[in-house]
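Turn these sequences into a full structure, and let the hints guide you.
Now for the letters of each chain:
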Amino acid sequence: MTERESAADIEAAAARWVVRADRGDLDPAELEAWLAADTRRQGAFVRAQAAWGLLDRGRVLGAQEPKDAPRRRIGRRGLLAGLGAAAAACVAVVVSPRLLSARYGTTVGEIRRVPLADGSLAAINTDTALEVAMKPRKREVRLDRGEAWFQVAKDVERPFVVESGPVRVRAVGTAFSVRRRDGGCEVLVTEGVVEVWSEGAGEVPRRVTAGERVFASDSAGAAQPVPASLEINRELAWREGQIVLDGEAFGAAAQEFNRYNARKIVIADPALAEQKLVGWFRTNEPESFARAAAASFGARVTVRGDAILVQSVAPLAE
Amino acid sequence: MSEGRARVVAWIGREILPHEADLRAWLRRAFATAGDVDDIVQETYCRLAGLAHVDHIGEPRAYLFQAARSVALEQLRRARVVRIDTVTEIDALNVELDEPSPERIAGGRRELERVRRLIAALPDRCRRIFEMRKIEGLPQREIARRMGVTENVVENESVRGLRAILAALAEGETEQPTAVRRPSAHDRTRKRR
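Chains as they are written, first to last, in full-length UniProt numbering: chain A, 1 to 318; chain B, 1 to 193.
Keep in mind the hints are simulated off the structure, nothing from the lab. Computed from a predicted model, the values in this text were never measured in an experiment. Glycine is no exception: its CB is placed at the ideal position from the N, C-alpha and C atoms. Check the hints yourself; a few may be wrong.
What the hints assert, rightly or not - Some but not every residue of chain A turned toward chain B, in silico, with C-beta under 10 Å:
hint	residue
1	ALA8
2	ALA12
3	ALA15
4	ARG20
5	ASP22
6	GLY43
7	PHE45
8	ALA48
9	ALA51
10	ILE111
11	VAL114
12	ILE232
13	LEU236
14	VAL244
15	GLY251
16	GLN255
The structure is reproduced here in structure tokens:
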């Protein structure tokens, strides 16, 4: 098949298009077709256009002095505190009198992977309380607080049921996560099928398949599942200690970071909180995240005690 | 070109191109092969080209780095070989965003100087064509007539010149990174020699 066009070839062709457009010898449809084939071509073309246009300023600029853009100062980035160390191994695994029953807890900032007695695996997110009871007819997991993802070992005799308040999520052999929120649970399914319902709603269990998410309200039960495979991968990045953002609002992203850290990000300006972000960060580096975000919005970061304050900066008067 | 698009292109020329060399240096540190960097840069420009307006962008340099970063991350994600140290490396490099570049400090006179220097550094025939086109404002047809060559020659030379300028922008200029403004004639003579 055809080989991938090199960046240099694309650049040469883009320069040719720009010069031909300048000459007035151009079929727009032909250019459109060329551009449509590869986003890199579109980038190379706009870059060549910009450079070509920049040269016109040799003439334009001669006449008048352009005004300076408003300047902003961005503080230098400080060294990151070793937050991760603080959230180290204060884990309580209490083996209760009931055989094979165990309680797992994580502190703020801690993420654990735990093999369960039946061969399943649990990844437990920050600030979570989880209790696992392996019974003869049923594998019972209680999520009182926080979030966990389960890769369930297949065992048709013993369904794997996560209970969180009145919400139930039942699986046989599959992988999914449950996050406790106010008034209900968020369930993301990564493999197989699970059934979700709420004891409080007395409804028929809702089937949720791989690549879907559903919110189950404590009182009203499970809503219609929504396909969301890309989102699910991003949202479960916490299992690798990461937060992946793709167009989330700054405010929502900051709340995510705040789940993991004692040092909270505070956004002083509501307009800032609505800015959209793309990026890939470590859960335990809120300051690095705040500074990267602030730099791209032209905002300022101040660290004060346990708060990382992000504020808009008015342009300095010239 | 629509008016909106023209404004974006002019903005890219004025606010983005001057930072391209820094961006490439930054990307090269985070990614092994230069081929990747070229791809990322082109994809990044494609994103910028898609902007409907640019008035809201207060820090073009930071915006450029952020856009390139997200392109790079997307490629990492697509490649499915994501090493945590690569990711951390990228995060660590955010420090770049904090450094105000000499370009940002400098004003418009410096920009004019820069454009003149870019043109002045071109090979002879290219340079004459660019001066006629860009400083005197003559159309390509008229340039061909005056030089006694075909329009195709003018086109080919222009492509060559534009590519040389793009390459110069990619590499960046080697000059004192200080904000002290030197008498402009100095730089020009030095470059022209």
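Hint-by-hint comparison with the structure:
Checking ALA8 (chain A) against chain B: minimum C-beta separation of about 7 Å stays under 10 Å; hint holds. Interface restraint check: ALA12 (chain A) against chain B, minimum CB-CB distance 6 Å, threshold 10 Å, status holds. Taking 10 Å as the C-beta contact cut-off toward chain B, the hint placing ALA15 (chain A) at the interface holds, the least distance being around 4 Å. Checking ARG20 (chain A) against chain B by beta carbon gives a least distance of about 7 Å; that is within 10 Å, so the hint holds.
Nearest Cβ of chain B to the Cβ of ASP22 (chain A): about 7 Å, under the 10 Å cut. The hint holds. Interface restraint check for GLY43 (chain A): the shortest CB-CB distance to chain B comes to about 3 Å, inside 10 Å, so the restraint holds. The beta carbon of PHE45 (chain A) comes within 8 Å of a beta carbon in chain B, closer than 10 Å, and the hint placing it at the interface holds. Nearest Cβ of chain B to the Cβ of ALA48 (chain A): about 6 Å, under the 10 Å cut. The hint holds.
Interface restraint check for ALA51 (chain A): the shortest CB-CB distance to chain B comes to about 6 Å, inside 10 Å, so the restraint holds. The interface hint given for ILE111 (chain A) is broken, as the beta carbon of that residue sits about 13 Å from the closest beta carbon of chain B, more than 10 Å. Given the 10 Å rule on beta carbons, the hint for VAL114 (chain A) is violated: about 21 Å separates it from the nearest Cβ of chain B. The beta carbon of ILE232 (chain A) is not positioned within 10 Å of any beta carbon in chain B (closest approach about 14 Å), and the interface hint is therefore violated.
Because the smallest distance between the Cβ of LEU236 (chain A) and any Cβ of chain B comes to about 14 Å, over 10 Å, the interface hint for this residue is violated. At about 8 Å, the closest approach between the beta carbon of VAL244 (chain A) and any beta carbon in chain B falls short of 10 Å, and the interface hint on this residue holds. Restraint check, GLY251 (chain A) versus chain B: the minimum CB separation of about 17 Å is more than 10 Å; hint violated. This hint is violated: GLN255 (chain A) has a C-beta 20 Å from the nearest C-beta of chain B, more than the 10 Å allowed.
Hints 10, 11, 12, 13, 15 and 16, counting from the list given before, are not met by this structure.
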